[in-house]
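K.L.:
The lines below spell out each chain.
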Amino acid sequence: MPSIEMRGITKRFSNVVANDEVTFCVSQGEIHSLLGENGAGKSTLMKVLFGLYKQDEGEIIIDGRRVDIRSPRDAYHLGIGMVHQHFMLVNNMSVLENIILGNEQGNVVIDKQKNREIVQRLSALYNFEVDLDAKISSLSVGMKQRVEILKTLYRGAEMIIFDEPTAVLTPLESSQLLAMLTDMKKQGKTIVFITHKLGETMAVSDKVTVLRGGKLVGTLDTASTTPEELARLMVGREITFDIDKKTKQTGEVVLSVQGVKLMPNSQSTCSFDIRAGEVFGVAGVDGNGQQELEEVVMGLTGCKTGRILLNGKEISSMSVAARRKLKIGYIPSDRFKQAILPRYNLTDNYLLGNQFSDDFVKRGIVSHKFLKKRAGEQMKGFDVRFADDGQSMNSLSGGNQQKFVLSREVGKNPALIVACQPVRGLDINAIQFVRNTLLELRERNKAILLISAELSDLFQLSDRIGVLYKGDLMAVRPAEQYTNESISLLMAGREAGDADETDR
Amino acid sequence: MKRIADYLPGILYAFAAIVLAILVSSGIMLLIGNDPLLAFTALFDGAFGSVNSLANTLSMSIPLMFTGLAFSYAMKGGLFNIGGEGQLYIGAFASTVVALALQGAPAVIVMPLAILSGMLAGGLLGGFIGLIKVKLRVHEVIVAIMFNYIAMLLTSYFVNGPLLAEGSMTPQTERIPDAFLFTRILPRTQLTTALYLGLVVAVATYFFFKKTRIGYNIRAVGENPTAAKVSGVNITATTMLAMGLSGSVAALAGITEVFGKHDRFIDGFSPGFGFTGIAVAVLGNNNPFGIIATALLFGALNSGALRMSHAAGISSSMVMVVQGLVILFVATPAITRGIFKAVRVRRLAHGKP
Chain A
24 MPSIEMRGIT KRFSNVVAND EVTFCVSQGE IHSLLGENGA GKSTLMKVLF
74 GLYKQDEGEI IIDGRRVDIR SPRDAYHLGI GMVHQHFMLV NNMSVLENII
124 LGNEQGNVVI DKQKNREIVQ RLSALYNFEV DLDAKISSLS VGMKQRVEIL
174 KTLYRGAEMI IFDEPTAVLT PLESSQLLAM LTDMKKQGKT IVFITHKLGE
224 TMAVSDKVTV LRGGKLVGTL DTASTTPEEL ARLMVGREIT FDIDKKTKQT
274 GEVVLSVQGV KLMPNSQSTC SFDIRAGEVF GVAGVDGNGQ QELEEVVMGL
324 TGCKTGRILL NGKEISSMSV AARRKLKIGY IPSDRFKQAI LPRYNLTDNY
374 LLGNQFSDDF VKRGIVSHKF LKKRAGEQMK GFDVRFADDG QSMNSLSGGN
424 QQKFVLSREV GKNPALIVAC QPVRGLDINA IQFVRNTLLE LRERNKAILL
474 ISAELSDLFQ LSDRIGVLYK GDLMAVRPAE QYTNESISLL MAGREAGDAD
524 ETDR
Chain B
-9 MKRIADYLPG ILYAFAAIVL AILVSSGIML LIGNDPLLAF TALFDGAFGS
41 VNSLANTLSM SIPLMFTGLA FSYAMKGGLF NIGGEGQLYI GAFASTVVAL
91 ALQGAPAVIV MPLAILSGML AGGLLGGFIG LIKVKLRVHE VIVAIMFNYI
141 AMLLTSYFVN GPLLAEGSMT PQTERIPDAF LFTRILPRTQ LTTALYLGLV
191 VAVATYFFFK KTRIGYNIRA VGENPTAAKV SGVNITATTM LAMGLSGSVA
241 ALAGITEVFG KHDRFIDGFS PGFGFTGIAV AVLGNNNPFG IIATALLFGA
291 LNSGALRMSH AAGISSSMVM VVQGLVILFV ATPAITRGIF KAVRVRRLAH
341 GKP
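The listed protein sequences correspond, in order, to chains A and B. Just so we're aligned, residue 24 is where the first sequence starts under the numbering used here, counting upward by one. Just so we're aligned, residue -9 is where the second sequence starts under the numbering used here, counting upward by one.
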């Protein structure tokens, strides 16, 4: 007997059908993965269940009773909670204050002690290890997510919806989260998690429902399916995971980083070269100097020690604009914050980072004709789905925005591409596309600095990999000389014991 | 590319807001025993009834065009320049000093020089506020308000003391020679060629933000400073520039008042044009042509106010009420749409189309 049934749900946004007669059933006490590509309608369906959207057609039945969920408040009354992809926390308040916000125990004066006891009990039950008095702004992304989970538990949610919970997490945090989900299931909670990642679906879910293009493809028992079958259902065609990387002669040194200190407390400085036609991967747990590396190469932070050379020319003291003029393609790790102007149109967005190029701006005047033409060509070439180049950036889906950034940065025909977490948050098709694009650039003799948290990407794409730990470059070796284990050890700051493994 | 048709809903909406404001203020007039029909007839007559009243409307809208456009420069860059009033005084003062110092020189040289000096003074003040904001991380509103006092009181000191016109009872400078003043478009009115300058600045503003790199950079900083920085924009320079341009356009409001209407710098000559400009820019949706239209509306309300109080015996403060209501209805779309929706629903319920 399913505890929640969504029957024939249709939701339209003006002329787009986001959900087309989707039926979705969840039984009590299971982990149910809602799988689909970007824009398949997963989030929309769950927002209907959580009362953020109202369905145009269809009905929701909970424990045999037809219900009308008009707001998240209604959803909580029915025991449904949701952990959003973008956290909804008050930064300058403490963890405890955030959890109880809007649901405080006590009449006029908040009974802090009582609240604290309730939250502490919940936190202990699931081994959350959260400091209740810490300010939200001081927490890591993974910790913030735990606070969000505690919030739903505190409000008495029996079923929790997670919207792409691992998209923002490091690999370690992701595995911790998946373990937590299993714990919560043991305590009798029902979990729905939205994802496009096959690995985690296979790892923790009991059932999986696949959506494609707003339509239901099917609901399967996880135990009786395979990643290949799920991928095929999700994408609608066979896809291969293998990548065809040809061995290749590398050319001249394009980027040379010499003796640059990444973090104030780094033990040593960081030096490496990237040649034309080479992908240089940077591995490491988030927060070990990756951000600093991308910023120092792009000139967003000054280079106090050492120097950086591009094609033999020193660029360490150049402004960002001067470096942009040298045509460095840059895909920042946080694209939404660092690479787009949300409310401006696509054409205006294409100019961002190109406004110092003489092709786009002549004597201070933007040549709109050239800009529109180039933007249109590149966006089509990268399969950015848009109706009109006058539409605003935030009207594109997340995956499309990323493809847009890629089209813009690669469209410069740069000698060097700095690609940071280029597949983060993308679906299989888009990931495949990004990987192929990077390899194609390698074929075209570009130098590529690839900073990624996905080891599989690093292994498949990179010629050489450097491992960062606390701002130190632990090792630089050809990709095939690492094993999963040896790279993990280096990422944790430990050298492998073998004497024959030499550094650099 | 947006076509005129795309702007139509916005224009209709602004019109609806004005109609609402007239209806509500009529209600208020009825309550206090005035005749709204008489009042608004007089208001309309005073604003558009004759060539002279039309000229009056246009001339009253000129300073608001400049302060409105000035505010939009900062606003595009994500900055709130509440210092238009101070920049206007400093600009007008600098222009006056230059014009008075160069008496006798040919007007073709002195006029541009005076105008440019004024714009430079206003621009420097604006840019300095921008610099303080970026370097010392003080909110521009606080700094700008303080500089409003400094600018007003500093100019006041000069016209009360060192630069006071000989034998004058009111604090004002000597008269600026006729040759240096803006030419009147219509004799015996205050409408001068400054109007053309306002329109030129509006077109230039449109072009600046649409076509130039600097304009683009300002917009990028206003929309997403982090992304702008990553793209290579120098945030400090761009913020200073946005505030500086804002200040120099605000200065034009003061300059055209002095060189078009008062013929001399008079202490405290601005009735808060700098502040009204904020409302003008917001109502004009930061669009140069929207700002011109809004400035004309405000000009009309101000110019009709006098007639209204004469003919209908209603205090000209009532115009302030109308103005306030227009701002209220335009700035709060929810209220306006809600009222129109309620009216429509009611009509449907009564079976009327």
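I should point out that these hints are in silico values taken from the structure, not numbers from a laboratory. Treat the hints with care, as some may be off.
[As the list claims (entries may be wrong)] Rough simulated footprint, nothing fancy, chain B against chain A, three-plus residues with beta-carbon under 8 Å:
#1 365 to 376
#2 453 to 459
[Unchecked claim] Short derived list, chain A residues pointing at chain B, Cβ under 7 Å:
#3 V343
#4 A344
#5 Q361
Beta carbons are placed, not taken as given, at the ideal position from N, Cα and C, and that holds for glycine.
K.L.:
None of the hints should be skipped; say for each whether it holds.
P.N.:
Hint check:
A count of 7 residues in the stretch 365 to 376 of chain A with a Cβ less than 8 Å from any Cβ of chain B is obtained; the coverage claim is therefore met, three being the minimum. Only residues whose beta carbon comes within less than 8 Å of a beta carbon in chain B count, and the stretch 453 to 459 of chain A has 0; fewer than three means the coverage is violated. At about 4 Å, the closest approach between the beta carbon of V343 (chain A) and any beta carbon in chain B falls short of 7 Å, and the interface hint on this residue holds. Of the supplied interface hints, the one on A344 (chain A) holds, with its beta-carbon coming within about 4 Å of a beta-carbon of chain B, less than 7 Å.
A distance limit of 7 Å between C-beta atoms decides the matter here; for Q361 (chain A) the minimum to chain B is near 5 Å, and the interface restraint holds.
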